[in-house]
Every structure is written in C-alpha cells, then in structure tokens.
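Undergrad: Each chain is listed here by its residues.
Protein chains: 2
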Amino acid sequence: MYFSSSPLGVALASTLLAAVAQAQTYQRFGTCPTLGCVIPPDQQDFLAGQYFDIRVEIHAPINGSEATNGVPDENFSLTIAKAGGRAKTVSEYFESEEPELETWDFSYYEDLFAEDADTPSVVNVASKAWRRVALYEPGDYVATLTYNGTEQTVAHWHVRDIEHVRKTKNVLLFIGDGMTTNMITAARLIGHKSINGRYQSTMAMDKFPVLGHQMTHSIDTFITDSANSATALYSGHKSTVNALGVYADTSPDPFDDPKFESVAEIFHRMYGGHIGLVSTAFIADATPAAFTAHTRDRGEYGAVIDSMIHGTINYTWTNWDGPDVIFGGGAENFCSPEVGGETYMDLDYYQIFADAGYNLVYNATALEATPSDEKTLGIFSVGNMAKWLDRNVYKDNLNGNEAAPNCEGGDANNQPGLKEMTLKAIDILNSRAGDKGWFIMSEAASVDKMMHVLDYDRALGELLELDDTIKHSIEHLKELDVFKETLILVTADHGHGFDVFGSVDTHYLKAQDNDRDKRRAVGQYEKSGHSQYINTGELRYSDSNFPSNWDPRYTLAQGFGANPDRVEDYQVNKDGPRVPATNITGFDEDDYFANPEDSPNGGGITYNGTLPVSADQGVHSLTDVTVFAMGPCQELFGGVYNSIDVFFKMAECLGLSDVPDKGHGGHGHGWGGKGKGRNWGKVGGDGKGYEHYGEGKPRYGGKGGWNQGGRKREFKKRNGYH
Amino acid sequence: MYFSSSPLGVALASTLLAAVAQAQTYQRFGTCPTLGCVIPPDQQDFLAGQYFDIRVEIHAPINGSEATNGVPDENFSLTIAKAGGRAKTVSEYFESEEPELETWDFSYYEDLFAEDADTPSVVNVASKAWRRVALYEPGDYVATLTYNGTEQTVAHWHVRDIEHVRKTKNVLLFIGDGMTTNMITAARLIGHKSINGRYQSTMAMDKFPVLGHQMTHSIDTFITDSANSATALYSGHKSTVNALGVYADTSPDPFDDPKFESVAEIFHRMYGGHIGLVSTAFIADATPAAFTAHTRDRGEYGAVIDSMIHGTINYTWTNWDGPDVIFGGGAENFCSPEVGGETYMDLDYYQIFADAGYNLVYNATALEATPSDEKTLGIFSVGNMAKWLDRNVYKDNLNGNEAAPNCEGGDANNQPGLKEMTLKAIDILNSRAGDKGWFIMSEAASVDKMMHVLDYDRALGELLELDDTIKHSIEHLKELDVFKETLILVTADHGHGFDVFGSVDTHYLKAQDNDRDKRRAVGQYEKSGHSQYINTGELRYSDSNFPSNWDPRYTLAQGFGANPDRVEDYQVNKDGPRVPATNITGFDEDDYFANPEDSPNGGGITYNGTLPVSADQGVHSLTDVTVFAMGPCQELFGGVYNSIDVFFKMAECLGLSDVPDKGHGGHGHGWGGKGKGRNWGKVGGDGKGYEHYGEGKPRYGGKGGWNQGGRKREFKKRNGYH
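Read top to bottom, the protein sequences are chains X and U.
Per the UniProt record's numbering, the very first residue in the first sequence carries number 1; after that it's consecutive.
Per the UniProt record's numbering, the very first residue in the second sequence carries number 1; after that it's consecutive.
Hints listed in this document are in silico derivations from the structure and should not be mistaken for laboratory results.
Do not rely on the hints blindly, as some may be mistaken.
For identical chains, the list gives no copy identity; a pair is met inside one copy or between any two copies.
Said to hold, decoys possible - Okay, derived cross-link-like pairs now, SDA-like style, lysine to any residue, Cα gap no bigger than 20 Å in a straight line:
hint : residue 1 : residue 2
1    : K128      : T146
2    : K82       : R432
3    : K395      : D575
4    : K193      : Q43
5    : K193      : P33
6    : K193      : T34
Can you build the whole structure from these sequences, using the hints too?
TA: This is the structure in structure tokens:
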C-alpha cells in the first residue's frame with residue numbers, strides 16, 4: 001500500500017540455494033546438521049534406568065545444496081564411553097546383537113523458493129537401530145559415530161544423578177493445554193470480583209505456594225506442538241512436532257522411530273503405580289496420548305488408543321496393562337467401523353476394553369453412578385467434548401451435535417465436565433492403587449482448541465473450569481485424607497500469544513459504520529474500566545467462580561499476534577465455537593478469508609491475518625508457561641527451567657531414578673517399596689519377565705503410503721488442531 | 001467487508017444514557033460508585049506507621065444520569081473505628097484540627113456517545129482533607145462517611161500484621177518496564193545458543209531461585225500505566241492512571257490529591273537508608289518518579305525532579321534530603337530555561353543539585369571516572385537515553401541526536417548503558433550507606449518504550465541489557481561482599497501483549513508482490529526452526545549474551561494484539577527506533593495510519609490496527625508479570641499476588657513495619673538499629689523534628705489552567721509513552 005516491493009523471484013531463489021544448508025526453518029533433519037546422525041542426539045539427558053532406543057542414520061543427498069554421490073556409507077560404527085571410561089561399540093556396551101542395516105530415502109524442500117518451484121532435495125539413508133537399552137550410572141557419556149572413513153558425529157549424553165528416594169505417593173498433574181499467564185490473568189478478571197483493585201476471591205492456581213516457568217520449545221524448532229511438548233513433560237526428552245514418545249527419524253515408518261519411556265511407563269514398571277488419563281479432548285489427542293504412544297505421527301489415532309491398553313507391541317518395551325481410568329471424548333477411535341469408527345485394525349475398541357475388564361460409561365449420569373473400584377473407560381462424545389460455556393450457558397448448542405459416543409448419530413447432550421471426570425478418576429485411582437500410588441493427568445484441552453479459533457470466551461471458560469476442577473480436587477484429596485501424600489502440579493504444554501489490552505464498548509462499536517470509527521470503541525488505560533463479567537447479570541454456578549454475565553456491554557479488547565483473517569466483534573459467540581476463517585468459493589481450499597458469518601452480533605471489524613493464508617486459525621507461541629506446585633517436593637518446581645525438567649522433577653519425587661545401590665540394601669524407599677536385581681547397561685536385563693523380547697513384528701508393516709520413499713508425509717489432522 | 005453493520009446512531013445513544021451509571025469505562029470517579037467518597041477507599045491495606053492523607057468528597061451531579069439538585073452536602077462526617085473499638089471522628093481519632101471545607105466542580109463524559117455529542121456531565125463537589133496521618137496497630141478499621149442525612153459510604157481498611165524485624169540490609173530492585181514472560185522467552189531465544197533443545201547458557205533471571213507473579217491492574221481500571229503501577233509497587237496502594245504516590249481525587253489541583261508514603265521515604269525516615277535511582281528513561285518518568293513524587297499528574301516533570309531533591313514541600317510530609325544517586329536521561333528538566341530547559345519554577349536544577357552537594361556527570365567517561373563517595377547526579381541525554389542496539393550495533397544513529405545533556409543541541413554520543421549506571425550506583429551507595437543500608441531501583445525503561453512503537457528488536461535488546469546488568473550486578477555484589485545482605489528483585493510494572501509465533505523468511509517475504517503471498521513467509525510449528533540470531537554473524541559483546549546477528553534471513557514472527565495501523569517487514573530497524581504509524585496529510589492529527597516509511601528494508605505487509613485510530617503506538621496489557629527474587633527474604637516472593645504485595649514484602653524484609661512494641665525493648669533490629677518514641681494514631685506525632693508541619697503553602701497555587709473547573713485535564717505526554 002505505502003511501499004513498493006521488489007519481486008526478486010527466481011533469480012533470488014537460485015542465488016539463495018547455495019546458502020540453504022544454514023536455513024533454519026526447512027530442515028533436512030532438525031537434530032542433525034551433519035550427514036551422520038546419532039539419535040538420541042547431542043545434549044540429551046536421561047533418567048537412570050529409563051529405557052530408550054538408539055538410531056544411527058547416514059545421509060547421502062543426491063541433489064540440492066549438500067549433494068553427494070548419493071551412496072550412504074554402510075560401514076559406520078557407533079561407540080559409547082562413560083566419561084573417563086573406555087569406548088565400546090554400542091552392541092558391546094549393551095551386550096546386544098548387531099542390528100540389521102536398514103535403508104530408505106526421503107525428500108524435503110530446502111526453503112520456500114524450492115517448495116514453490118517443486119524442486120525437492122532427495123536423500124538416501126543407511127541406518128541401524130538398537131532397541132530398549134538403558135543407562136544406570138549417573139554421569140556423562142559420549143556416543144561417537146564414525147562414517148565415511150573419518151567423519152565423526154559426537155553426542156554428549158548425561159544421566160542425571162538423582163537419588164532413588166520416593167517422596168510422594170501420588171501425582172495429580174493438571175495440564176491447561178495452551179494456557180499462559182496472560183490467559184490466567186484474563187480468566188481471573190472475568191471470573192472474580194474486584195473492589196478498588198482488590199480481588200474478593202482469587203484463582204485456585206493463585207493459591208499454590210510454588211511457581212515455576214518452563215520452556216516449551218521443540219528439540220529442533222522454537223515453536224512446539226502439543227505432541228512433542230507433552231512428550232518432553234512426560235519423558236524428559238524434547239522431540240519434533242507431531243512426535244509422541246519418540247525422537248523423529250527420517251524413515252517412512254511412523255512406528256520405528258527411537259522411543260523413550262514415559263513417567264507413566266516407568267512408574268507402572270517400577271512400582272506397579274496406577275495411571276489415570278482424563279481429557280476434554282478426543283482421548284487419542286496428543287496430551288493424553290504421549291504417556292503410552294510411541295510414534296512419529298500423532299495422527300495415528302487408532303494406534304494411539306491401542307497403545308493405551310496394550311502398550312508398545314511391535315518392539316520389546318515396557319510391560320503395560322492399561323490405565324485404571326480413561327475419560328474423555330473421541331468415540332470414533334473406539335466404535336466399530338460398522339458405525340463409522342476409525343479404529344486400529346478396524347477393531348471394536350469398546351469391546352476390547354470391555355473384554356479387558358473395563359467398566360464402560362458414556363454420559364455424566366452413568367459416570368456419577370459408576371462404582372469406584374473398577375477399571376473404567378468413559379467416552380462421552382465423538383471428537384472433542386462440549387465446552388463449558390455450551391454445557392452451562394448456551395446449552396441449546398449441544399442439541400444436534402450428533403456426537404453420541406455410540407457413533408450412531410444421536411446427540412451427546414449429557415456430557416460431564418472436567419471436574420466431574422477428575423473427581424471420579426481420583427475416587428477410582430485412590431480405591432484401586434492401594435500402597436502403590438497413582439498418577440493422574442487431567443487436561444483442559446479446549447483452552448488450546450478455543451484459542452486456536454480465537455474464541456476467547458470459550459477458552460477462558462475452559463480455563464475457569466480447569467481452575468474450578470483444581471479447587472474441588474484439592475478439597476476432595478483432603479476428604480480422602482491423601483492430600484499430604486499427593487504432589488499437585490498445574491502446567492501447560494505451550495502458549496498462544498494472547499493478551500487483553502483494554503475494554504470494548506460493544507454498543508458503540510455496533511453503532512459506527514466503518515472500521516476506523518469502530519476502533520474507537522476500544523478503551524485503553526484509564527478507559528479500560530472494570531470487568532463487567534462478574535459485577536452484573538444473573539448467572540450463578542453453585543459455589544464457583546465463573547462470570548455471571550458473558551455478554552456485557554463492555555467486553556474485553558483481546559487478541560493475538562498470530563491469527564488468520566478475521567472479523568472481531570469482541571462479543572461472545574452464542575451459537576457455539578467460533579469459526580474465524582473460511583474458504584471463499586472460487587479460491588483454493590488453502591486460501592482462507594475472514595468468515596463472513598463470524599460476527600453474529602453484527603458490526604465487527606475486519607482484520608487481515610498475520611499467518612499464511614493457508615491458516616484458518618491461530619497458532620502456538622513461544623512463551624514460557626507456568627508451573628504451579630503444591631505438595632510433596634513442591635520446592636523442586638520453583639524458578640525457570642526447561643520442559644524436560646518437569647519430567648525429571650516428577651521422577652525424582654516419585655523415586656523413579658534407578659541408580660545403582662550404594663551398598664545399603666536395595667530400593668525399599670517410599671510407598672510400596674520394591675526389590676529387584678539389575679544389570680547395569682544391559683539390554684532387557686532387569687530380571688523381570690517381559691512378555692515381548694527382541695524385535696517384534698512391526699505393527700504397521702506394509703501400510704499403504706508409509707513405506708514409500710520420500711518424506712512429504714501427510715500427517716493426519718483433526719480439525720487442524722495442534 | 002463481509003458484514004453489514006447497523007448504524008444505530010443517536011437513537012441508541014439516548015436510550016443508553018439511562019444505563020451509563022453502570023458503564024465501566026467512563027467513570028465519574030473510579031474509586032467511588034456512590035455520591036459520597038472516602039479516600040483511601042474501601043479494601044485498602046496499610047503498612048503500620050505508613051503516612052497517608054485522607055480525603056472525603058461529596059458529589060452532586062447537576063445533569064446526566066445521576067443528576068441531583070447540584071448542591072453537595074457540606075455537613076458530612078467521617079468516623080474511624082478499629083474493629084471492636086468505638087468510632088471517633090477522624091479529627092478526634094488523629095488528634096488533628098478539623099480541616100477547612102473545599103469546593104470545586106468537574107465534568108466528565110458518561111460514555112463515547114456522550115463524548116461524541118459533547119454532552120458532559122458536571123458535578124459539584126464539597127470536600128475535606130486530613131493530611132499525614134498513620135495507623136500503627138495491626139488489624140481492621142472501618143471508616144464511615146455519613147452525608148445527605150443518612151447516606152453512608154463505608155471503607156474497610158486493614159493494617160497488616162507484619163513483624164518489625166529487619167532481614168535485609170540492602171534492596172536492589174530491577175524493573176523491566178513493560179516486561180513480560182513472553183518477552184523474556186523471546187530474548188532468551190535471540191541471545192542464547194541452543195543445541196537440540198538445550199540452551200547452552202540461560203538468562204541471569206532464569207537463575208533466580210524464587211519466582212512469583214504479580215497482578216498489575218489499577219485501582220479503578222484493569223489496564224494500568226507505569227505511574228500508578230510503580231506507585232503500587234513502591235507504596236502498597238494502587239491508584240489511577242497518571243497518578244504518582246497519591247490516590248486521585250477530582251479536584252483540579254494536581255498536587256492536592258491524598259498522598260501515601262513510598263518505601264524509599266519510609267526506609268529513609270526510619271533508618272536513614274540511602275536511595276539510588278537509575279533509569280534509561282528521562283529521569284522524571286513515572287518509574288523513577290514514583291518514589292518521591294506525589295501528584296495526580298505524572299506529566300508535571302519539573303515538579304517531579306524537584307521532589308527528588310526536596311521531597312514534598314507543599315504539605316507536611318516525610319523529611320527528605322535526596323537520593324545518593326540519580327542516573328538517567330531527561331536533561332530538559334534540569335537545564336536552565338535559557339537553553340530550553342522545562343524546569344520547575346524555571347530554575348536551573350543542575351545548579352540546585354550542585355548547590356546541594358551533588359557531583360554532576362554527563363557522559364559515560366565521566367561516570368566511570370567519578371569517585372564513589374559522593375552524591376552523584378548523572379544526566380546523560382535529553383529525553384530517553386539511547387537504546388542498546390543503537391549504542392552497540394547501529395552506532396551511527398547516535399550522531400545527530402542533539403540530545404547532549406547541556407541542552408545546547410550537541411549530540412549525546414557517549415552515553416552509558418544500564419549496566420554501567422547500575423554498577424556505579426552500587427559502588428556509590430555501598431560506600432556511602434554504611435550500616436544504614438541502601439535501596440537502588442534500576443529500570444530498563446525502553447523495554448516498554450520500544451514495545452510501544454512495536455520495535456521488537458530494540459525492546460529485546462533492552463531486555464538483554466537488563467539481564468546483562470543483573471548478571472554483572474550480582475557478580476559485583478559478591479566482589480563487594482554484600483551479596484548475602486542484599487535482596488535482589490526483578491519485576492515489571494505491566495505487560496504488553498507480545499509473543500513470538502514463528503519465524504519469517506525475510507528473503508521470501510520481500511520476493512512476493514502481494515500481502516497474502518508474503519504471509520507465506522511465516523514459518524509455524526515444524527517450520528519455525530532455530531534462532532538464527534545467535535548461531536551466525538560476527539558481532540561479539542565481550543562476555544555477554546546478546547545476538548551475534550541482528551539481521552538474519554530468518555527472523556521472528558512476532559507481534560501484538562494491540563497495535564496501530566502498521567507495516568510489518570519483521571526486520572530490524574537499522575535507522576533507529578521504529579515509528580509504526582503517522583498522520584497522513586489532509587487527515588486529523590489524531591487519525592493515524594501505517595507509516596509509509598516504516599518498511600526500510602522493503603516489502604512489508606500492511607495491517608490495520610486494533611486500537612482507536614488516535615493511537616500511534618501499542619498499549620499496555622493485562623497480564624500478570626513476573627517477580628524474580630534472590631537473597632534475604634526471597635522466600636516471601638513465590639506464588640501469585642497483587643502488585644501492592646511487592647511493597648509489603650519489601651517493607652517486611654527491610655523492617656519497615658512500625659508496629660507497637662510488644663514489651664521487649666524497642667526496634668533495635670537489623671542493620672543500623674533505631675530508637676524512637678511514637679504516638680500511635682496521631683498526626684505528625686512521631687517525635688522527630690520535621691522541617692515542615694501543618695498545611696504548607698500549596699506549591700502550585702494559582703497555576704494557569706489547574707484551578708479552573710472541569711476535569712477534562714490535558715495531561716502532558718512525552719512522546720505519548722505510558
């Protein structure tokens with residue numbers, strides 16, 4: 001408009017290609033800047049005794065900026081040495097057989113110019129993988145890959161020196177998906193009354209004694225998705241966007257990527273600890289999935305559900321016999337294909353869970369009535385569960401949702417909320433776990449999902465529901481007399497760049513006839529005023545802190561750095577979750593414009609987006625997110641740290657560090673105790689009888705599309721949510 | 001564009017007027033929803049012994065939605081009672097004379113419709129003020145105003161029960177103005193190298209053991225400015241936008257509003273503690289000003305500077321003899337008017353400070369060489385000081401700035417940074433304070449100022465300079481062997497709704513010829529990549545963590561919910577701070593458009609703003625901000641609390657709570673000790689010889705414009721920064 005741009009086009013593109021090896025956003029392989037790749041890569045930390053896989057890849061690009069002769073060296077070797085010790089080959093070190101050589105190829109674009117020109121770079125790969133190894137002795141290790149004769153890639157690994165003392169019996173981990181400090185502040189404003197600058201009540205989170213910040217970035221990019229951020233929180237290993245419980249490799253198979261154990265797997269293996277998974281998302285979604293799934297592709301929802309009950313069956317791995325509780329949405333990954341289910345191996349997973357002894361419940365009434373001494377699967381809707389705002393205020397929106405969990409097209413209009421699910425989960429876990437203790441993850445998934453679609457009201461409603469759930473969970477733990485032996489954590493997996501910057505006089509906004517005049521409705525600073533959400537109106541929700549008026553004249557001026565084209569009327573969307581951007585007839589399906597239906601109250605302001613036009617919603621942001629801690633070990637969680645440290649701190653508190661005994665008689669600490677033999681540094685040699693040993697049959701052997709060369713995978717997306 | 005708006009216009013406006021008493025953004029008087037007003041208002045907390053003023057106002061609107069007969073009741077009475085005690089008149093309670101009745105009128109608009117129609121509501125006021133009182137006994141108090149016969153307004157006050165034990169000798173308080181967690185995360189990304197998801201170094205802030213969040217909102221609006229947020233941090237009393245060290249009243253005089261004592265004033269009064277003020281802003285700006293200034297109008301810069309050396313001279317107040325150190329910009333409020341100074345009473349404040357024994361320095365070289373045993377005033381530029389990025393990378397921008405601190409039009413091209421100023425301040429305070437201890441406030445002011453103009457690079461540069469200053473200050477305190485007796489705090493006064501949501505391929509962006517195609521340059525999630533700021537380039541800044549390349553191909557996709565019209569090219573502004581929006585010839589001066597010069601690198605994307613078109617820059621946001629704490633009392637600063645609690649925690653740590661003795665022999669605790677007599681609850685009766693007693697001569701008696709009726713004040717703005 002005010003500038004003249006210089007279309008440099010193809011000429012610029014070609015001169016740039018020479019430099020794209022340094023390009024940071026289009027990566028050949030994010031964890032490997034050289035042609036010899038060790039996974040786990042450099043700078044990784046491990047919990048003592050935590051199982052993991054090792055993979056080596058040798059890359060031979062056949063074209064592009066790093067072109068070689070295209071023949072990857074197959075005579076590479078990998079050695080491992082503990083600091084000060086002798087280097088041994090990896091097979092020698094772990095007393096395992098030398099694995100078979102694997103080969104494949106993949107392709108990628110070096111930058112956007114290359115993508116526009118459709119000139120992919122193709123890479124041939126030679127690889128080996130060592131499965132289920134573990135390091136027990138704390139300290140530094142060096143893994144050295146030698147290839148192409150004298151080329152070397154060195155990976156520094158570190159086993160943390162964490163004492164094996166169990167300090168908590170239980171862990172209750174709340175995750176507000178996508179929840180930032182900014183959102184907590186906004187939720188407090190609309191949910192709690194303030195008089196002359198003093199809140200008359202505050203959030204349950206505000207009352208936690210210890211506060212930390214954790215860094216959410218991926219291993220290879222600075223913006224994460226929920227799959228690899230959940231992986232980091234649960235396993236102490238950062239990974240790549242879309243990966244669950246594995247480091248990404250470049251192979252086409254989404255199930256052969258190098259795995260590492262999650263806190264749930266270790267806790268269950270070491271202590272027989274009981275696990276509960278609760279989410280308002282479809283339950284195969286990333287945040288619940290990352291406890292048991294080990295796949296490069298979070299979109300393999302059917303396999304994710306299978307992993308929840310069977311664990312990892314295609315390779316030797318931790319034994320697993322299913323959580324005590326799974327509560328959430330996502331019926332489509334359980335229902336028989338006859339009624340439209342999209343399940344693993346086309347099986348009926350309701351039947352599989354029932355056959356495994358699970359009690360099945362499908363609505364809020366049944367959930368409340370169900371006994372607390374049985375393993376329970378509660379699936380309450382197809383897809384993501386209904387939002388707090390629709391369940392409690394705009395209830396008509398549940399009619400016609402066709403989300404009944406039997407997948408037969410009826411409505412799911414009797415869904416529980418996060419609070420009801422979590423309190424029941426606590427009851428069940430507490431009655432079943434006995435001295436072994438329990439670990440429950442409870443996720444407010446739609447903070448994220450509603451922020452993605454810029455539906456600030458619903459997102460803040462979900463956040464307030466999470467806070468209400470926390471409040472009632474604490475009370476319930478006290479009633480059950482287990483509060484003092486339960487570590488309670490509240491955190492998030494990443495942020496969205498949301499904040500509130502004033503108020504909006506929605507009456508004035510509507511009364512103006514052009515966008516520039518409408519903007520005057522935004523009240524800044526001294527004109528931002530008080531919150532009208534809590535001071536007026538008639539809505540009351542028992543004893544809880546929620547807005548009493550979701551549709552006041554003066555609303556919040558709020559928003560995002562990251563957004564698609566949109567129309568902002570800054571009023572609640574009474575008809576259900578917002579759809580900010582849509583395709584316009586006659587344009588490409590990846591060319592989104594502001595949704596003309598997205599100002600149901602009339603008179604919104606139209607904005608062009610900051611994201612690629614292929615984006616129909618907002619995206620995640622960089623910001624560190626908060627960790628609130630209360631209970632045993634709370635003192636570990638103060639200050640600023642990396643997301644992986646949340647895992648190490650939880651593991652420390654649960655006594656999961658399997659360090660060698662120091663001559664004082666085994667690991668009898670904490671709840672439940674244990675005694676076992678162990679061979680340090682030996683594959684599978686922990687003296688327990690594992691059902692699966694050695695390389696099992698790949699679960700997804702020849703599935704169409706996956707074994708083809710080329711890396712331009714189409715990861716499945718569900719509503720495009722990350 | 002896609003919607004049809006309904007211009008309801010005047011008809012809607014008139015129907016709405018009946019309801020505007022509930023309107024939250026256009027307030028008659030924010031702390032007083034009724035017609036009888038007590039200040040301090042309901043819900044206020046006090047430190048025991050903290051001086052404050054009381055004001056009562058009776059309002060009689062003559063028109064508008066609350067119209068009365070227009071005659072305010074002059075026979076009102078105010079009583080005070082301690083919980084369980086007998087109510088006494090305020091004059092009786094504090095053994096003071098009954099003050100004289102004051103009257104005035106003011107006007108305001110009830111909402112935007114009224115402002116458009118220029119139909120102000122006018123209010124007649126009757127008022128009394130009781131000056132410099134204090135409450136000493138911890139507990140609850142009730143102030144009851146009776147007016148119009150039987151109408152009552154009740155204010156609940158609370159004196160916190162804080163032990164009088166001094167736990168720290170010194171306090172070093174860093175303020176990153178406008179700094180949020182999101183910005184710290186972004187600064188870490190561009191200033192610290194990461195390998196496979198592990199930072200190889202981290203921020204100094206990241207190493208603080210204790211983390212808290214504080215709520216920044218005003219007493220009467222949810223978005224604050226820096227004046228009243230600094231007031232809350234320093235004094236434990238939230239106030240109104242633009243107010244420093246006072247509760248706002250409605251009178252036209254900006255110097256008669258009810259005051260309260262700041263932490264610096266109390267510390268200096270009780271212990272003779274030494275004070276240092278350091279800022280990269282003009283030093284009369286809000287954050288340094290709020291320690292000594294007591295005015296409704298932060299724009300009274302000359303008077304602010306006078307308060308720094310003389311304290312409050314128009315009313316009985318705490319004795320004050322000036323900080324040991326004042327370092328910053330803002331020469332214009334010191335220079336003689338003969339060379340363009342804008343000073344209090346047209347005096348030469350350089351001369352006044354010199355006469356008071358201050359050593360004066362004007363540039364970085366002189367600062368370094370100046371002795372550490374003298375009171376020192378260092379003023380290094382007209383206006384705000386140069387930014388780190390311009391001082392260190394784009395140094396040519398300092399040429400021609402005409403900011404020489406003698407105000408004679410030369411360049412200020414030898415300015416120190418925040419680090420140099422803060423380390424020298426520590427030296428001076430430490431050598432001068434002896435056993436009395438010191439309190440230094442060091443402000444990175446231009447985090448805020450550069451975020452206001454959407455100059456993300458400069459803002460993050462300032463943040464990294466702050467972090468570097470913290471790092472070196474900790475080292476220096478250790479060298480001086482006072483680290484263990486110094487509480488170090490890092491916090492902010494408010495946020496800006498900033499976050500990073502991806503990377504930008506600036507080459508690709510420039511090569512496209514329309515805005516929609518340009519947006520494809522934004523890399524989300526797996527395409528966000530690594531930071532290129534730290535991995536490439538040649539810039540090196542001694543031992544510190546700053547970007548080595550400020551102008552990489554792949555930059556950050558970042559931004560704001562709140563912004564004026566703008567052009568984003570997502571590249572560093574090499575010519576100096578960004579000017580995002582300008583007037584366009586032929587339009588109103590309050591009608592801002594994207595600055596056509598604001599894409600110096602070419603090819604930016606044009607966005608319409610989210611703020612009123614009168615905004616030429618971004619605005620503050622709601623988010624809670626971080627408190628980092630290290631040192632004595634650090635444990636007080638964990639968790640989530642209100643901004644005022646920062647004051648109470650500092651006061652607790654410094655032993656400033658003047659609670660009655662409990663029979664064990666006076667207040668001899670901590671460093672320096674003290675012994676004094678005190679009459680609880682008595683005006684001015686603390687047994688010390690104050691220079692000023694009784695109602696002094698109003699400093700600004702008949703200044704033009706201020707004693708006229710009407711409240712539509714034009715507060716002075718400097719570059720429009722908040």
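Undergrad: With reference to the structure, classify each hint as holding or not holding.
TA: For each hint, the structure was consulted:
1. K128 <-> T146: Cα proximity of K128 and T146: one copy only (13 Å, versus 85 Å across).
2. K82 <-> R432: So K82 and R432 fail the 20 Å test inside a copy (42 Å) and across (54 Å) alike.
3. K395 <-> D575: within (9 Å within a copy, 55 Å between copies)
4. K193 <-> Q43: Between copies only: 13 Å across, 47 Å inside.
5. K193 <-> P33: between (53 Å within a copy, 15 Å between copies)
6. K193 <-> T34: Result: close only across copies, 18 Å inter versus 57 Å intra.
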